[in-house]
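S.K.: Spelled out, the chains give:
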Amino acid sequence: MTETADADALLVERAKRGDKRAFEMLVVKYQRRIERLISRMVRDDGLVEDVAQETFIRAYRALPQFRGDSAFYTWLYRIAVNTAKKLLIERKRDPLVSESTLVSQDDGDETSRVESELTDGETPEAVLASKEIAATVNAAIDALSEDLRQAIVLREIEGLSYEEIADVMNCPIGTVRSRIFRAREAIATRLRPLLGTREGERW
Amino acid sequence: MNDEDSMNEPNAAAPSRWRAQLSALMDGDRHAADEACRAWAGDASARADWHTYHVIGEVLRSEDAACSAASDARFLVRLRERLAAEPVVLAPEVSRLPVRARRAWMAPAAVAAGFVAVAGVLLATRLATPQESRDAVPALARNPGVEAPATALAGLRPLPAPASTMATDPGGAASRDGAMLIRDPELDRYLAAHRQYANASPLVIPGGVVRSATVVAAPGR
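If you're matching them up, the sequences are chains F and A in order. To convert, take the position in the first sequence, counting from 1, and add 73; that gives the working numbering. To convert, take the position in the second sequence, counting from 1, and add 137; that gives the working numbering.
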């Protein structure tokens, strides 16, 4: 399909031209994946967000060197791994750092542990919210018409392009685009209240 | 457009418009990029929509993806503060397509500069041939300051020259038939002289070599 490209490449291209907002769009896209990756390396949950923040800042600085030889996420993934490794090494070397960061890992210190848990995404509330979000999305998917459900599943789960979906569903590309959008909107309508993005936290 | 626009009646149609564009951009539709990026930059609810659509995709692929979704705005706001302090080092420089365009004119320019340099050397070396009459290059010969360096350069002939460049007759042939064989040996001498002057005086720039030779050699003629 001539009119479609890699969405990341479009945004990277803009960010490289100095558009920080385009880079923010990539941040929002990958933030959760990067945090999950880091949380498998850095056991201190309180640090996961810091490392993720640092990862994106480093990625932004290194963006001119990103040539697009690999996928943007692969490149970002490497930066996240290196940032996490560097932090772990620093913690081993610097007794002050390790003292302050290891406390939250110490099971003997209940207070610190609770504080640490409250700052990350693994609090009971967060786990509950996560389950609720998943249930809502699944319920919304089930409520979609067959055409909309098939279109968004082929796109999001199977990763097909508009052109490929058009072939599979035997309809014009414009119809595919519209079906996917309508499916997203239908799910988003149910999801927005849970994400707290309409009132409360601002983007 | 501000954050409240989506709440106002006149802009009621805007969100559905940008949502369609955000959705298309997510799937790589480049035609949607301009409008989607503009919406993101100008409207908080567009940013929320972009986030929501991505969360939907992630949840469809893996249910544990939704962990931090409810507090993602805070992450971005925090990062944005740091990003604001970052210089826009990326901006218009190399990484864009125009690189090719820039090379397109730089290469010929470099070649042209090379030709000019070679032409300059040839001009000097032609004048360096003692047998050549002044009439052969009247315009330049009238200026003694230009002809003189030839003598100066000729005086450097004893300097060793790489055999490879001195094809048949180092120096001699150049003297007999400057028009034909002059090029390599004289270029070699030019380089030797250049090296000498470069070592002797840091003030002598490459283009000035010929002229400074003039000053030295002229009295000797």
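Some hints here could point you the wrong way.
A few chain A positions that, by computed beta-carbon distances, are all more than 12 Å from chain F [what the hints assert, rightly or not]:
| hint | residue |
| --- | --- |
| 1 | Ala151 |
| 2 | Ala161 |
| 3 | Ala249 |
Which residues of chain A face chain F? A few of them, derived with a C-beta cut under 8 Å, are [as the list claims (entries may be wrong)]:
| hint | residue |
| --- | --- |
| 4 | Arg154 |
| 5 | Arg156 |
| 6 | Ser160 |
| 7 | Asp166 |
| 8 | Trp177 |
| 9 | Val196 |
| 10 | Leu197 |
| 11 | Arg219 |
| 12 | Ala250 |
| 13 | Val255 |
Label-pair restraints from in silico Cβ distances [said to hold, decoys possible]:
| hint | chain 1 | residue 1 | chain 2 | residue 2 | range |
| --- | --- | --- | --- | --- | --- |
| 14 | F | Asp220 | A | Ser153 | 15 to 25 Å |
| 15 | A | Arg217 | F | Glu236 | 53 to 63 Å |
| 16 | F | Lys165 | A | Arg219 | 49 to 59 Å |
| 17 | F | Glu231 | A | Ser153 | 20 to 30 Å |
| 18 | F | Ala82 | A | Arg215 | 25 to 35 Å |
| 19 | A | Ala178 | F | Val154 | 36 to 46 Å |
| 20 | F | Ser234 | A | Ala250 | 45 to 55 Å |
By construction, these hints were calculated from the structure, which means they are not laboratory data. Glycine included, each C-beta is placed from N, C-alpha and C at the ideal position.
S.K.: Now look at each hint and say whether the structure bears it out.
M.R.: Hint check results:
1. Ala151: With a cut-off of 12 Å, alanine 151 (chain A) remains clear of chain F, as the shortest Cβ separation is near 14 Å.
2. Ala161: violated, 6 Å
3. Ala249: holds, 30 Å
4. Arg154: violated, 11 Å
5. Arg156: Since the shortest Cβ distance to chain F is 6 Å, the answer is holds.
6. Ser160: holds, 4 Å
7. Asp166: holds, 5 Å
8. Trp177: Since the shortest Cβ distance to chain F is 6 Å, the answer is holds.
9. Val196: holds, 4 Å
10. Leu197: holds, 5 Å
11. Arg219: holds, 6 Å
12. Ala250: With Cβ-Cβ at 29 Å, over 8 Å, it is violated.
13. Val255: This hint is violated: valine 255 (chain A) lies away from chain F, its Cβ roughly 36 Å from the closest one there, beyond 8 Å.
14. F:Asp220 with A:Ser153: 15 to 25 Å: The hinted range 15 to 25 Å holds for aspartate 220 (chain F) and serine 153 (chain A), with Cβ atoms some 19 Å apart.
15. A:Arg217 with F:Glu236: 53 to 63 Å: Distance hint for arginine 217 (chain A), glutamate 236 (chain F) is violated at roughly 35 Å.
16. F:Lys165 with A:Arg219: 49 to 59 Å: violated, 26 Å
17. F:Glu231 with A:Ser153: 20 to 30 Å: holds, 26 Å
18. F:Ala82 with A:Arg215: 25 to 35 Å: At 27 Å between Cβs, range holds.
19. A:Ala178 with F:Val154: 36 to 46 Å: With a Cβ separation near 31 Å, alanine 178 (chain A) and valine 154 (chain F) fall outside 36 to 46 Å, so the hint is violated.
20. F:Ser234 with A:Ala250: 45 to 55 Å: Holds: the Cβ-Cβ distance is about 48 Å, inside 45 to 55 Å.
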